[in-house]
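S.K.: Those protein sequences? They're chains A and B, same order as listed.
Residue numbering for the first sequence follows our numbering, beginning at 189 and increasing consecutively.
Residue numbering for the second sequence follows our numbering, beginning at 7 and increasing consecutively.
The hints are simulated quantities; they were obtained by calculation from the structure and are not laboratory data.
If you're wondering where the values come from, they're calculated on a predicted model, not measured in any experiment.
Note that CB positions come from ideal geometry on N, CA and C, so glycine has one too.
Misleading hints may appear alongside valid ones.
List time: in silico EDC-like cross-link candidates among lysine to aspartate or glutamate, alpha-carbon distance up to 16 Å [as the list claims (entries may be wrong)]:
{"#": "1", "chain 1": "A", "residue 1": "K434", "chain 2": "B", "residue 2": "E101"}
{"#": "2", "chain 1": "A", "residue 1": "K434", "chain 2": "B", "residue 2": "E95"}
{"#": "3", "chain 1": "A", "residue 1": "K434", "chain 2": "B", "residue 2": "E140"}
{"#": "4", "chain 1": "A", "residue 1": "K344", "chain 2": "B", "residue 2": "D82"}
{"#": "5", "chain 1": "A", "residue 1": "K344", "chain 2": "B", "residue 2": "E83"}
{"#": "6", "chain 1": "A", "residue 1": "K344", "chain 2": "B", "residue 2": "E79"}
{"#": "7", "chain 1": "B", "residue 1": "K90", "chain 2": "A", "residue 2": "E208"}
{"#": "8", "chain 1": "A", "residue 1": "K344", "chain 2": "B", "residue 2": "D157"}
Selected chain A positions facing chain B (Cβ under 10 Å, derived; list incomplete) [to be verified]:
{"#": "9", "residue": "Q271"}
{"#": "10", "residue": "V292"}
{"#": "11", "residue": "P296"}
{"#": "12", "residue": "F340"}
{"#": "13", "residue": "L342"}
{"#": "14", "residue": "R353"}
{"#": "15", "residue": "P357"}
{"#": "16", "residue": "T358"}
{"#": "17", "residue": "T437"}
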Amino acid sequence: MKKIYLYSTLLFISLLILWEMIVKVKKISPLILPKPTTIADHLFTLLLSGYFTPHIFTTLVEIISGFFVGALLGIGLGLLVAQSNTLRLVLKPYIIATQAMPKVALAPLLILWFGYGYTPKILIVALISFFPLFESTITGLLVVDKDRLALFQLLKASKWQTMWRLQMPTAIPYLLSGMRVAVVLSVVGAVVSEFIGANKGLGALIIVAQGMMDTPLLFSAFILLTAIGILLYASIYAIEHLFLRKYTTYRRKIS
Amino acid sequence: MQAPYIQLKEIRLTFDKDQKDTIRRFSLNIKEGEFISIVGKSGCGKTSLLQMVAGMQKPTSGLITIGGHEVKEPVDELSYVFQKPILLEWKTILENVLLPLQLKRKLTEKDTKKAKEMLDRVGLTDAIHKFPYECSGGMQSRVAIVRALLDKPQILLMDEPFSALDSFTRDQLHVQLNELIDTYKPTVLFVTHDLQEAFFLSDRIILLGGEPGRILKEYQVPFTRPRQKSISFDQSFYNFQQDMNERLQS
Numbered sequence: 189m190k191k192i193y194l195y196s197t198l199l200f201i202s203l204l205i206l207w208e209m210i211v212k213v214k215k216i217s218p219l220i221l222p223k224p225t226t227i228a229d230h231l232f233t234l235l236l237s238g239y240f241t242p243h244i245f246t247t248l249v250e251i252i253s254g255f256f257v258g259a260l261l262g263i264g265l266g267l268l269v270a271q272s273n274t275l276r277l278v279l280k281p282y283i284i285a286t287q288a289m290p291k292v293a294l295a296p297l298l299i300l301w302f303g304y305g306y307t308p309k310i311l312i313v314a315l316i317s318f319f320p321l322f323e324s325t326i327t328g329l330l331v332v333d334k335d336r337l338a339l340f341q342l343l344k345a346s347k348w349q350t351m352w353r354l355q356m357p358t359a360i361p362y363l364l365s366g367m368r369v370a371v372v373l374s375v376v377g378a379v380v381s382e383f384i385g386a387n388k389g390l391g392a393l394i395i396v397a398q399g400m401m402d403t404p405l406l407f408s409a410f411i412l413l414t415a416i417g418i419l420l421y422a423s424i425y426a427i428e429h430l431f432l433r434k435y436t437t438y439r440r441k442i443s
Numbered sequence: 007m008q009a010p011y012i013q014l015k016e017i018r019l020t021f022d023k024d025q026k027d028t029i030r031r032f033s034l035n036i037k038e039g040e041f042i043s044i045v046g047k048s049g050c051g052k053t054s055l056l057q058m059v060a061g062m063q064k065p066t067s068g069l070i071t072i073g074g075h076e077v078k079e080p081v082d083e084l085s086y087v088f089q090k091p092i093l094l095e096w097k098t099i100l101e102n103v104l105l106p107l108q109l110k111r112k113l114t115e116k117d118t119k120k121a122k123e124m125l126d127r128v129g130l131t132d133a134i135h136k137f138p139y140e141c142s143g144g145m146q147s148r149v150a151i152v153r154a155l156l157d158k159p160q161i162l163l164m165d166e167p168f169s170a171l172d173s174f175t176r177d178q179l180h181v182q183l184n185e186l187i188d189t190y191k192p193t194v195l196f197v198t199h200d201l202q203e204a205f206f207l208s209d210r211i212i213l214l215g216g217e218p219g220r221i222l223k224e225y226q227v228p229f230t231r232p233r234q235k236s237i238s239f240d241q242s243f244y245n246f247q248q249d250m251n252e253r254l255q256s
């Protein structure tokens, strides 16, 4: 396993060296494609000077708040809808329609309604992260084996006990994979909503960098966004590892 | 004469209005503490019978009573062992065994002690903190049986609980089950394909067959308890097996 990590790192370094050499040899303009070393220099200088701090903070607030609102609504509604077949069937066409709808296309409308502050961005992120969590909650709750439900029926478990002690633990692996998808989509949601109307945030910075033709800055913002995405994705794994391991380990062991 | 504890009266079961009956005119009286096995070919309605007694399925017509009361839903004094052990993978063996009690009330030290003692009786002392995926099929079956017996049920319904196991493990579990049954003395209704298993464990064997399913014959097992595995090599077992095979084929 350690060797695999070594190979991955070596591949990454080789690609950076190749990139650096191509830009040098072909004398590509830094406006089109800066060298990795130039980008790194730019990134660290601006990071250390604190230039990026308010932008990172803004984008993080949008992502995390939006994700929490989306998760709360997605998981909450998922729990509710999974309880009733009728409710599920009544809501089905709306769920499909809202899923098919490109949520980021609503950003201009939300900015029109709520202005340029945090609200429209958080709403976009919430809308985007809502569906993977809503879907995974319903799937996880309904995937329970019918023999297990029969066991709980025989043990005279209440609806609440069946939900809490059987359906929720079964749903946890589905919820976690839903969260992993949602958290990455949240980054996309925050950036796109900043593209449309913002003066702060890494998405807004990309638009500014494009206007100033500051390609190293554009790359730096892009790298920071990628790092945020990776960190958030990894934090879901960390939560799983620290608190929910017993609900997911068996799936790997028996598969 | 002792009144029947469990009574099945003129049971008929149809799954679909237009379909043929699965079970027709099935009547059976079971005494308290009796161990009854129901044997028969696949699809003759053995599991459905068990589910009706458990209150999980309603008969199309007829009456099922336990202690004189009609069965309308799962009753408290009953435990069920399924074909698969159905353990919750995120719970340890001990937690799985304690599940029925946990759903009823707050667990006490005494409950845990009792569960550990019972797990010890079936040789699972070292496995109590393991998860089901770390245990063999035989161990999981034992856990399912201990879970069913922990609250000392008056009735134990078992649906081919050993069918997925190898014959060596099955033999071991037959002995352990018999020991537990002799200790806790529940009334048992046991569904199986395995004639030797039925002969070793039961007081009475019901041969179910035909279409729709009905009782072809009842056999009284001529051995008292506690039993030795060697009774499976007794001539009476061979006679019983031969008679049963003939009836099933005719």
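S.K.: Quick check: which numbered hints come out false for this structure?
M.R.: The structure breaks hints 7, 9, 10 and 11; every other hint is satisfied.
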